[in-house]
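Those protein sequence lines, which keep their order, are chains Y and V. For the first sequence, the working numbering begins at 1 and goes up steadily by one. For the second sequence, the working numbering begins at 1 and goes up steadily by one.
I should point out that these hints are in silico values taken from the structure, not numbers from a laboratory. Because the structure is a prediction, the values reported are computed rather than measured. Quick reminder that beta carbons are idealized off the backbone N, C-alpha and C, glycines included. Please note that a few of the clues may not be correct.
As the list claims (entries may be wrong) - Just some of the chain V residues that point at chain Y, by a computed CB distance under 8 Å:
| hint | residue |
| --- | --- |
| 1 | D74 |
| 2 | G88 |
| 3 | P91 |
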Amino acid sequence: MGVRRQNLARLARLTRKELRETLRDRRTVITLVLMPLLVYPLLSISFQKSLLVNVQQTTDEVYSVGVESQAILGEYLQPLLARGDRILKAREQAESERSSAGSGATSPAPAARVSFRWFPGSPLEQHVRNLDVQVGVRLRPLPTVVGAPRGLQPVYCELIHRGNSPTSQRALRFLEERLRAVNDASVRERLANSGMYPGLPAEIAYQPVAADTTTPFSLATLVPLVLILMTITGAVYPAIDLTAGERERGTLETLIAAPISRMALLAAKYAAVLTVAVLTAVVNLVAMSVTILSSRLGAELFPGGLSLVLIAEVFALTVLFAAFFSAILLALTSFARSFKEAQAYLIPVMLLAIAPGLLSLMPGLRLNGLLAVTPLLNIVLLSRDLLEGTAAPAMMVLAVVSTIVYAAAAIALASRVFGNDALLYASRGSWSDLFRRPELPREAPTPAATLFCLAVMFPCFFLLANVAGLRVGSVHSQLILNAAITAAVFGLCPLLFSAAQRVRLLAGFQLRPAPWWAFVGAASLGTSLWPMAHEIFLFGRWLGLASLDASQFAAVERMLDAFRVIPPAVVLLTLAVVPAVLEEFFFRGYLFNGLRDRFRGGSIVVVSAFLFGLFHVLTPSLLTPERFLPSCFMGLVLGWVCYRTRSVLPSMLLHAIHNGLLLGMALNRDRLAARGWNLPDAEHLPRMWLAVAVVVTAAAGALVWYATRATNAASERIRQPHRAD
Amino acid sequence: MISVVELTKSFHAGRRKILAVDRLTFHVGAGEVYGLLGPNGAGKTTTLWMIMGVLPPNSGYAEVEGYRSTNAPDAIKARIGLVSASAGVYPWLTPRETLLFFADLYGVPPDAAAESLQRITRMLGLAEYLDQRCATLSTGQKQRVNLARALMHDPRIMLMDEPTRGLDVLGSKVIFDYVRHLRTVGKAVIVCTHRLDEAQRLCDRFGLLHHGRLLHEGTLAELRERTGCESLTEMFLQFIQDSPPETAVST
Numbered sequence: 001m002g003v004r005r006q007n008l009a010r011l012a013r014l015t016r017k018e019l020r021e022t023l024r025d026r027r028t029v030i031t032l033v034l035m036p037l038l039v040y041p042l043l044s045i046s047f048q049k050s051l052l053v054n055v056q057q058t059t060d061e062v063y064s065v066g067v068e069s070q071a072i073l074g075e076y077l078q079p080l081l082a083r084g085d086r087i088l089k090a091r092e093q094a095e096s097e098r099s100s101a102g103s104g105a106t107s108p109a110p111a112a113r114v115s116f117r118w119f120p121g122s123p124l125e126q127h128v129r130n131l132d133v134q135v136g137v138r139l140r141p142l143p144t145v146v147g148a149p150r151g152l153q154p155v156y157c158e159l160i161h162r163g164n165s166p167t168s169q170r171a172l173r174f175l176e177e178r179l180r181a182v183n184d185a186s187v188r189e190r191l192a193n194s195g196m197y198p199g200l201p202a203e204i205a206y207q208p209v210a211a212d213t214t215t216p217f218s219l220a221t222l223v224p225l226v227l228i229l230m231t232i233t234g235a236v237y238p239a240i241d242l243t244a245g246e247r248e249r250g251t252l253e254t255l256i257a258a259p260i261s262r263m264a265l266l267a268a269k270y271a272a273v274l275t276v277a278v279l280t281a282v283v284n285l286v287a288m289s290v291t292i293l294s295s296r297l298g299a300e301l302f303p304g305g306l307s308l309v310l311i312a313e314v315f316a317l318t319v320l321f322a323a324f325f326s327a328i329l330l331a332l333t334s335f336a337r338s339f340k341e342a343q344a345y346l347i348p349v350m351l352l353a354i355a356p357g358l359l360s361l362m363p364g365l366r367l368n369g370l371l372a373v374t375p376l377l378n379i380v381l382l383s384r385d386l387l388e389g390t391a392a393p394a395m396m397v398l399a400v401v402s403t404i405v406y407a408a409a410a411i412a413l414a415s416r417v418f419g420n421d422a423l424l425y426a427s428r429g430s431w432s433d434l435f436r437r438p439e440l441p442r443e444a445p446t447p448a449a450t451l452f453c454l455a456v457m458f459p460c461f462f463l464l465a466n467v468a469g470l471r472v473g474s475v476h477s478q479l480i481l482n483a484a485i486t487a488a489v490f491g492l493c494p495l496l497f498s499a500a501q502r503v504r505l506l507a508g509f510q511l512r513p514a515p516w517w518a519f520v521g522a523a524s525l526g527t528s529l530w531p532m533a534h535e536i537f538l539f540g541r542w543l544g545l546a547s548l549d550a551s552q553f554a555a556v557e558r559m560l561d562a563f564r565v566i567p568p569a570v571v572l573l574t575l576a577v578v579p580a581v582l583e584e585f586f587f588r589g590y591l592f593n594g595l596r597d598r599f600r601g602g603s604i605v606v607v608s609a610f611l612f613g614l615f616h617v618l619t620p621s622l623l624t625p626e627r628f629l630p631s632c633f634m635g636l637v638l639g640w641v642c643y644r645t646r647s648v649l650p651s652m653l654l655h656a657i658h659n660g661l662l663l664g665m666a667l668n669r670d671r672l673a674a675r676g677w678n679l680p681d682a683e684h685l686p687r688m689w690l691a692v693a694v695v696v697t698a699a700a701g702a703l704v705w706y707a708t709r710a711t712n713a714a715s716e717r718i719r720q721p722h723r724a725d
Numbered sequence: 001m002i003s004v005v006e007l008t009k010s011f012h013a014g015r016r017k018i019l020a021v022d023r024l025t026f027h028v029g030a031g032e033v034y035g036l037l038g039p040n041g042a043g044k045t046t047t048l049w050m051i052m053g054v055l056p057p058n059s060g061y062a063e064v065e066g067y068r069s070t071n072a073p074d075a076i077k078a079r080i081g082l083v084s085a086s087a088g089v090y091p092w093l094t095p096r097e098t099l100l101f102f103a104d105l106y107g108v109p110p111d112a113a114a115e116s117l118q119r120i121t122r123m124l125g126l127a128e129y130l131d132q133r134c135a136t137l138s139t140g141q142k143q144r145v146n147l148a149r150a151l152m153h154d155p156r157i158m159l160m161d162e163p164t165r166g167l168d169v170l171g172s173k174v175i176f177d178y179v180r181h182l183r184t185v186g187k188a189v190i191v192c193t194h195r196l197d198e199a200q201r202l203c204d205r206f207g208l209l210h211h212g213r214l215l216h217e218g219t220l221a222e223l224r225e226r227t228g229c230e231s232l233t234e235m236f237l238q239f240i241q242d243s244p245p246e247t248a249v250s251t
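Given only the sequences and the hints, what does the whole structure look like? Please build it.
Shown next, in the form of structure tokens:
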């Protein structure tokens, strides 16, 4: 505990030094304070202007129309337009009455006016082209119709307009609508007067409706983009300065010559970059809020106005964004030898980062299992959904957890790269030496490689599970596909990583022999743990860790029914044995061994159990928090067995028996019930059962401990002081 | 104090594998200044990094006070002070902040660090600019800050990589005085340099390195006797003429 506190205090001091150095630089201060103070008022002014222009365009637009003479205007065009106006207004009123009786009031149509100009003796086309008027109307009186009222004598109207001008097109539509209305009314009137049926084959009426969810304009869709820009702006400079800057200043060599791990150095740098990024975001947020409140744009931009809750939500998202970006930027800038090189690396990343921000504007794109583990896009979509109040908790947890995993992997990569460039540059080496497969085999994977493997497995698991979710073929083939996916994710991924690092297969995955009695103990634990796991499951539900509803339980029942018609050996192999063996292969084999450099004893068991529990909670389509506690419990026991035996084989046996037993009971529930063994999901088990389970577990645990006591004592004696990265 | 035994390191240049350090063996005792001499690319810096445990050797080993560099790099780093010509300073920190930061990195308790700071400030004459930002210091002042940094944790071993590179006469004199001081207080020192004239003034024993191989080793008197040459420069030229070319190991 004392050592841990000392390490944390040291980390705090390192971070303070990095921050002191960064914040004394004027360039950081300018980015941090001055930029937001200038940018938001300017944005606000331009936004207000744009808002005013929009409003003016829709309410007070004046169309300029040119004719050849004032006389022809007064005699023909003005009466036609006036009559068309009256007809349209009457029609609008009728539609308005209809809709107010039905679904609610509609907004009134915007008013518009027409100003006329006449150009005797010069071609109208030229005036339209020269932007003197928006539309020209060339009128040619047609032969007089007897009986037609004054002002409605037939006239040939030629409308001259600019095809590529929106204002000219609006003016054209304005005239067109009125002239068509007059023609239409005239046809109906004539039909009526002639005694013919006045109706038309297809009567058309227009009923505009508002979209279901949209508000006039919501800045919520733009917030992710703003967040990306805010956090990147804050994090870029310190990230470059604290990595490539060290190289350029010549301070890197002295840092890596110090007896401190690269991970600790990077952790301090990460904390400093994150702090500056969050500080920048806070200053941005304050400047943005003050600007919005003082300009009274809150209600225009956000559906519910700018509230404290909204600000808190945006802040929380900013921390998440900053945590992700700071790690990515540090990883990238660690590759750079100079400021210039670092900037060259970051420009494409910034452009790439903006793309998901723009994607969040797409209304049809929803956060699902696969997108929730897609780096960056997941937090962008999550922030949009959160601000719109439509975020699903499962997807939220998935997006946050995967983002943390990616950030950790990026830091691990940075710690692998950071400083090595200086060594290689000074020693005739090159980057290929850093990533070259080692010549000598290793006994265990490095922590960085383990984290990286985990970060790769995470999206792979979701991608492949989504493929499996397509439900192609029979249940039989579906089961085999699931087993293949488990093998690919938990078997192939770590195997590839260990091959790249030349990790010995048997030692790296702890595939060592174990004492015979340890297998007996592990097998006994496999049979005795399920009642306790069941009680822990119920305890979790009592705590509120529950997400499955009745329909999902019914789906599980249907799935079990489908399994009952398949040979039991296939079901047991694909659902119990393969997952057990391969999950142990990764969690207690590769991961457990990879954590040995960073953690000791019990901590390895706890960390691996936590990750094991987390993997069981996160599924591609839904979150199953009720599985977290029992899976962690199982992870703790499996980890302890592996730690004691220094082998993954007893854990595989334990896991397979536990899985097989649970599956067997679920598939044969009716038969067991017929013999008086009721196993209801939602009830506590009889106390006698639990007592027996506890006694057997204790005895089996003691057996494992006894069988391994000599091995553990010997291994403690020969433990190496510390392995270098 | 320092034992280097059959130390070997190779790098890849395209498809070729080049031996940067080839079965290097030498020992340095307490109070001894050992000159690891050779032209650029001889493998001097690579050797230093391997002694410190930051670069793993392909074969052989380096031991510092009984700790092997591959097994206990942190224990070794804690016992070593590094002075390098390419080392810079943090422009926005003061020398005081820089020195206390490095003391912290080496795990020196705050009280001991403050004491160390006082002692080194007196020794190297830093008092005048101890609280001035490093960005405003002259090259010579920055170099003194770097010398001070390497001493903050009172290491028993000092590794110096081209310590006089880029320095004028006065700057070089500071280095000479510094090395003499290290010798008198019983530290084991390795000085890597290609300035053979300077090495002749500074070091007690010499190892002449070329293409990663140790061509010869001994005191100045021993080398003179063996070669018949008066200066290190003449000896070195004679050795190079007789030595085989750089070893490239095919892949």
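These are the hints, each one checked on the structure:
1. D74: holds (4 Å)
2. G88: For G88(V), the interface hint holds, since the closest Cβ of chain Y sits about 3 Å away, which is under 8 Å.
3. P91: holds (7 Å)
Comparing the model with each earlier hint shows no violations; every hint is respected.
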